[in-house]
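Sequence order for the protein chains is U and X.
Note that the working numbering numbers the first sequence so that position 245 is 245, with each residue one more than the last.
All you need for the working numbering is the position in the second sequence, starting with 1, plus 1000.
Everything labelled a hint here was simulated from the structure, so no lab data went into it.
Some clues are possibly wrong.
Which chain X residues stay away from chain U? Per the calculated CB distances, all over 10 Å, these [unchecked claim]: (1) N1015; (2) L1052; (3) E1053; (4) T1067; (5) S1078; (6) G1086; (7) K1102; (8) T1127; (9) E1131; (10) E1154.
Chain U side only, calculated, beta carbon under 8 Å to chain X, not exhaustive [as the list claims (entries may be wrong)]: (11) P67; (12) L106; (13) S131; (14) M134; (15) L135.
Partial chain U-side listing against chain X, Cβ under 10 Å, derived [claimed, not checked]: (16) N57; (17) V60; (18) I113; (19) M114; (20) G115; (21) S187; (22) V189; (23) G191; (24) Q192; (25) G194; (26) P245.
Each residue gets a CB set at the ideal place from its N, CA and C atoms; glycine is no exception.
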Amino acid sequence: MIGDGSMKYDDIVRKTADTLLRAASSFRADQIKAYECAVFEEEVSQSKWVMENILENAFVAESGCSPLCDDTGIPHVILEVGKSQAISREVLKAIGEGIEIGLRELPGRPMAIMGNDEQRLDQSGGLNPDSGAMLPAPIMLLHTDEDVLRLHVLMQGGGPEIRSKTYRVFHKHSVEVLVDEIVSWASEVVGQLGCTPSTLAVGIGRSHYEASSLMLQAMTFGNYSEQNALEKEISSRVNKTNVGPLGLGGKNTVLATFMKVGPQRASGVRIVCLRPCCCFEPRVASIEL
Amino acid sequence: MKDNPQIIQTPISGNAIESLRVGDMILLSGYIYTGRDAVLPKLKELFETGTLEENGIDLQGSVIFHTAVSPAGVGPTSSNKLEIEGNIPILSKAGVKLHLGKGALKPETVAELNRYGSAYAVIPPVTALLESKTLNRKVVAFPELGMEALHSIEVVEYPVIIAAVNGETIY
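Okay, chain U solo, but in the shape it has when bound (with noise of 0.2 Å):
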């Protein structure tokens, strides 16, 4: 038992594993719906081909509970704090347990390099051929009103952090220099990404650590149904690349912006972070625990 004893141990364990599961091999009903969409509004014939066997595939991998992508990832695990809940060294252990059994089960790619610093950067230590040894990055806390403690589970492939960027912006005092420099700098990867079409989140704050957490929540929290009027005008923009699923040309080069915006000081200077996700992500599940 852990706190006040109503979470069991084994049971966030099983919770933590159950929602990585989910994060690798579904995609959301929201996720779903853009993609159809895109499908319907699609006139490129190659293009449409693309995404109607990417809508087959999360339909295949939910149903068999299997990865959607061989690039399975890198967990990384937010944590909703509500009012009266508690985080304890019990509960970060179980999560920890319950990442590396759901890698385990998915099964994750096994690409954990083992060895010192040194063996770990130039990869002379080896690849762990245990999929569980895939560490998750560190855990970031949220508050919340509500009076729960909820997991959310990302999986982040590696292309995308090929292409991603965290920068500072001059913004002189004008939004549309922000978005002007955003339009640029993913108009310019989206081309390279390979696995379009993709989802732009975007996370813009005061320092480089809470630019690219703001863009982490970006991923879990945005919405393709629901999109304010400089996502769009985000995406619209850089959907005139053309660029088009896999490369192939088309209408559709991002299906979405996911743009969160934090504190800002005065200053002239914002700092962004861009992660042009790939066809799949977000990968990204929630669970109260």
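Fit chain X to the known structure of chain U by using the hints.
For chain X alone, kept in the frame of chain U given last:
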């Protein structure tokens, strides 16, 4: 370009490649090889030293899918990585008729494909779907590379799109 997917079975003949057009949608079936950055340079060496056959490899009319074969399944990596794209011409000369991956290739690679009567196709990274269309898999050479070893897999109706053939490219 044809509107409906064509069926192609491996091994692939030179005539079949000549009849293809950029943008053709294909359902690919049969035995295909898999290999990426780590193994393709080694495969090239086997060809250059005339030791393909003694290693149980027949590249005539073959397909090489640029992927690892892991417990998670298969999915294309970027074909324009140096060790992959750089070996496409020599492996085409060795008999590979279709290189399968993702991303745009350089114009000079497209020209070399044409020189040897080979083609390049892209495949959506649809791992679960591909897994449902993969009948079996076995390591053919370089087992020490683990999931990046040269594998042979038997596939049924993999969805692929011709991206470079007969000197033309979709990109």
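>> Hint by hint, where does the structure go against what was stated? Just the numbers, ascending.
In response: Structure breaks hints 4, 5, 7, 8, 9, 14, 15, 18, 19, 20, 21, 22.
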